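With these hints in hand, go ahead and build the complete structure from the sequences.
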Amino acid sequence: MALAKEAGAVVRTEVRQGKGHVIRRMFADIDADFYVLVDGDATYEAAAAPRMLALARENCLDMVTGLRITERQAAYRFGHVLGNKVLTNLVRALFGQGNKDMLSGYRIFSKRFVKSFPALSAGFETETEFTVHALKLCMPVGEVETVYVERPEGSVSKLNTYRDGVRILGTIINLLRRERPFLFFSVISFIFCFAGILLGLPVVLEFMSSGYVPRLPTALLATGMEILAALAFCCGQILDSVALDRLENRRLSYLSYPAPPIAEEKARE
Numbered sequence: 001m002a003l004a005k006e007a008g009a010v011v012r013t014e015v016r017q018g019k020g021h022v023i024r025r026m027f028a029d030i031d032a033d034f035y036v037l038v039d040g041d042a043t044y045e046a047a048a049a050p051r052m053l054a055l056a057r058e059n060c061l062d063m064v065t066g067l068r069i070t071e072r073q074a075a076y077r078f079g080h081v082l083g084n085k086v087l088t089n090l091v092r093a094l095f096g097q098g099n100k101d102m103l104s105g106y107r108i109f110s111k112r113f114v115k116s117f118p119a120l121s122a123g124f125e126t127e128t129e130f131t132v133h134a135l136k137l138c139m140p141v142g143e144v145e146t147v148y149v150e151r152p153e154g155s156v157s158k159l160n161t162y163r164d165g166v167r168i169l170g171t172i173i174n175l176l177r178r179e180r181p182f183l184f185f186s187v188i189s190f191i192f193c194f195a196g197i198l199l200g201l202p203v204v205l206e207f208m209s210s211g212y213v214p215r216l217p218t219a220l221l222a223t224g225m226e227i228l229a230a231l232a233f234c235c236g237q238i239l240d241s242v243a244l245d246r247l248e249n250r251r252l253s254y255l256s257y258p259a260p261p262i263a264e265e266k267a268r269e
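Counting in the numbering used here, the sequence shown runs from 1 upward without gaps.
Note that these hints are calculated values from the structure, not bench results. Just so you know, not all the hints are guaranteed correct.
Taking lysine to aspartate or glutamate and the EDC-like style, the derived pairs with C-alpha atoms no more than 16 angstroms apart in a straight line are [claimed, not checked]:
| # | residue 1 | residue 2 |
| --- | --- | --- |
| 1 | K19 | E143 |
| 2 | K111 | D31 |
| 3 | K111 | D33 |
| 4 | K19 | D39 |
| 5 | K100 | E143 |
| 6 | K100 | E129 |
| 7 | K136 | E150 |
None of the values given here were measured: they were computed from a predicted structure.
Structure representation (structure tokens):
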């Protein structure tokens with residue numbers, strides 16, 4: 001912090017721990033045309049920032065992500081690479097085609113992205129929120145390849161492959177519930193419906209052949225499953241309308257801010 005202040009940077013602190021809290025405070029307090037966000041572990045290429053900013057200005061993009069490229073396995077561990085690919089492809093399947101490195105900690109944002117972003121997460125899950133926010137609002141985005149190097153000797157990563165992977169997966173499921181409730185509750189409805197059929201079909205067949213219901217508890221359980229399936233489906237329909245209304249409001253909030261300023265050379269064209 002002392003070195004940053006000596007270099008002329010404005011340094012602020014956030015008492016609550018967690019990357020999400022820092023980002024929420026930063027987005028609320030700072031007003032700028034573009035925002036550069038990078039993890040402070042000295043693993044990202046600082047020289048890539050001008051290229052990322054140039055891409056954002058030339059193409060009027062709302063988010064540019066640093067696509068991590070490394071030749072050393074120690075810099076980008078296999079578990080992190082695999083987890084990133086799995087989670088990135090899951091988000092692409094659920095929400096549409098996004099960037100190739102969803103968990104990158106190197107990004108540039110426009111003002112209208114920042115001021116329309118709710119920042120609900122407290123930790124590293126916020127990278128997932130960035131991607132889904134851009135996809136749901138159909139924002140123009142881009143990527144720039146950046147060199148990803150090993151952490152400085154003596155420093156320790158706060159990331160835990162399994163713990164943070166589970167947290168990010170939970171965030172994706174929660175975002176699916178919030179952003180695509182009809183799909184989320186339809187899956188739940190299908191599970192209950194299928195379970196009800198498996199339990200109830202033998203009872204129905206036995207009743208049709210003998211005229212009796214010898215397994216009354218099973219029949220009641222199957223009926224309950226089908227009722228839950230119907231309720232889940234109806235909840236999905238209702239919440240889908242609510243989600244659409246929320247999406248429209250977020251889109252209007254996004255459009256209330258001017259587009260990113262384009263480069264002078266591009267403006268002349």
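Now the hints, each set against the structure:
1. K19 x E143: Status violated; Cα separation ~22 angstroms.
2. K111 x D31: 8 angstroms, holds
3. K111 x D33: Holds - the C-alpha atoms of D33 and K111 are around 5 angstroms apart, at most 16 angstroms.
4. K19 x D39: 9 angstroms, holds
5. K100 x E143: 8 angstroms, holds
6. K100 x E129: 15 angstroms, holds
7. K136 x E150: Status violated; Cα separation ~34 angstroms.
The structure does not agree with the numbered hints 1 and 7 stated previously, though it agrees with the rest.
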